[in-house]
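Peer 1: Each chain, letter by letter, is given below.
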Amino acid sequence: MITINNLNFGYSKHNLLFKDMSMQLSAGHIYGLLGKNGAGKSSLLKNIAGLVYAQSGSLKVMGFDPAKREPELLADICFIPEEFYLPSIKIDAYIKANAPFYKKFDYAYLNVLLEEFNIPISNKLVNMSYGQKKKFIIAFGLATQAKLVIMDEPTNGLDIPSKAQFRKVMASALTDDRCIVISTHQVRDLDNLIDTVIMLDESTISLKASIEEITQKLTFKKMKELDETVIYAEPALSGYNVVVPNFHQEDSKMDIELLFNAVIAEKKKLKPIFN
Amino acid sequence: MEFRENKAIYLQIGDYVCEHILLGKWKSEDKVPSVRELAVSLEVNPNTVMRTYELLQNKNILSNKRGIGFFIAEDAIKQIKIYSKIQFMDEELPVFFRNLYLLDIGFDELEARYQKFVKETFTNP
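As given, the protein sequences belong to chains A and B, one line each in that order. So the first sequence is residues 53 to 327, counted in my numbering. So the second sequence is residues 25 to 149, counted in my numbering.
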C-alpha cells in the first residue's frame, strides 16, 4: 500500500526531520504512529497524503507518487488532519459539494455514522463544537470508502462516549483491502485497536513491529525487585513495571506507554532484539 | 468487557468466548459472532479476534467452516474444560498457593470454605 525508500524530508534543507527513512505499510492493518512532540508524526502523514514534498528518496502510495496529487489517488485517500478548516455551510451542502470527488462514496453509511455520532444533518458546520466537527469529518472520511485512511490525533476533542463509538467504528472499518494509519498521543484510547506500532524518534523509525511480534520478543510485567535481565523499568505501586526479554514464551499484554518509554530510553538494548 | 492488566488481549477474548459457551449463552454447534461483529462489540482490532478464533480452533473449541464462519464444536464444553484447566493449573494456582503459604491457610479451613461457596453459589433452592 505504502512504500517509503530512503526518504529525506525537512522544512529546511539544513535541518532534516527524516533522514534516510524506509518502511512498508500494507493493507489489512491498523498502524499506530507514535513519537514525541516534534518527532515528525504529522509531517510523515502529510508526506503520505501529498501535502508536503520530500527533499529526496521515494514514496509510493498504491503505486502513485502522492506529491503529484493525481485525482485517482486522492479519491482513495481519506486524511483526517489534527487541525482542519470547515466552510460556513450546512452539512448536507458540504456533502453535496465534496462527496462527488469520491467514486465509491457511501451515502447510506454516512447517515449511519452521523446518527451513531449524534450529528444532525441540518447543522451548520461552523456552529458545531470542535468534537462534533471532528466526528463529522471522520464520518465523511470513512464514507468515502478510501483504501488508505490516515488520521492525525483522531480522538482529540472527542468526549468519553464518542471515543468508544470511534473504536467501534474503526474496528468495523478495517477490511482486508484497507490500510489505516493513526497517529496519537492518547495511546490508552487506541491500544487494543492498533495491531502494529510504528515509533518515530531521532529522524528515523525506531521501531516498527506488530503487537504479536513485540509480545513474542518482550514481556511486560510487574517485578518486586530488578535484576540484570530487565531492559527498562519504571517504579510502580508494588515494585516496578518492567520490560524484559521474553525468555519463557510468556503471553503478556503489551503496555504501550511502557514500550514507548523503553524505546526512547533503551534504543541500543532493543535494536538487536527487533532486527 | 473490562480488560485486565496483565494477560494478552487475544487470550482474554478467548476466555470471554469460552465463558459464553460454558454458561450456555452460546450453544454447541451454533455459529459464533463473526470476527468483525466481536471486534466491534469489544472495540478491538479484528486481527486480534482472528488470532483468538484461530487459537480456539487449534484447541478444538471452534471449527472453521470456510466461507460461512466459525462454529462451536460439538464437544466444545469438554475441550474448554481441558484447556481452561491447564491454564488455571499453570497460571492461577501458583499465585493462590503462594498466598496460602504466606498467610498460613490450612487445607481444612479451605475445604470448609470451598464447600460453603459451592453450596451458596451453584445450587438453586
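Calculated directly from the structure, the hints in this document are not laboratory data. There could be a bad hint or two in this list.
Said to hold, decoys possible - To give a feel for the contact side, a few chain B residues facing chain A, derived at Cβ under 10 Å:
hint, residue
1, Asn30
2, Leu35
3, Gln36
4, Glu53
5, Lys55
6, Pro57
7, Pro70
8, Asn71
What the hints assert, rightly or not - Output of the computed footprint for chain B on chain A, the stretches with three or more beta carbons under 8 Å from beta carbons of chain B:
hint, region
9, 127-138
10, 145-155
11, 217-229
12, 240-247
Even glycine gets a Cβ: it sits at the ideal position worked out from N, Cα and C.
Peer 1: Now look at each hint and say whether the structure bears it out.
Peer 2: Taking the hints in turn, this is what the structure says about them:
This hint holds: Asn30 of chain B has a C-beta 6 Å from the nearest C-beta of chain A, less than the 10 Å allowed. The closest approach between the C-beta of Leu35 of chain B and any C-beta of chain A is roughly 6 Å, which is under the 10 Å cut-off, so the hint is satisfied. Hint on Gln36 of chain B holds. Least Cβ distance to chain A is approximately 8 Å, under the 10 Å limit. Taken as an interface hint, Glu53 of chain B does not check out: its beta carbon lies about 27 Å from the nearest beta carbon of chain A, beyond 10 Å.
A least Cβ separation of about 18 Å between Lys55 of chain B and chain A goes past the 10 Å threshold, and the interface hint is therefore violated. Contact between Pro57 of chain B and chain A, as hinted, is not supported at the beta carbon level, the nearest pair being about 12 Å apart and thus beyond 10 Å. Among the interface hints, the one on Pro70 of chain B holds; its C-beta lies about 5 Å from the nearest C-beta in chain A, closer than the 10 Å criterion. With a cut of 10 Å, the hint placing Asn71 of chain B at the interface with chain A holds, because the nearest CB-to-CB distance is about 5 Å.
Note: the region 127-138 of chain A has 0 residues with beta-carbon separation from chain B under 8 Å; the three-residue rule is not met and the coverage is violated. Taking a C-beta to C-beta cut-off of 8 Å, the region 145-155 of chain A contributes 0 residues in contact with chain B, too few for the three needed, and the coverage statement is violated. Residue count for the region 217-229 of chain A with a Cβ under 8 Å from a Cβ of chain B: 5. That meets the three needed, and the coverage hint holds. Closer than 8 Å: that is the beta-carbon criterion, and the region 240-247 of chain A has 4 residues meeting it against chain B, so the requirement of 3 holds.
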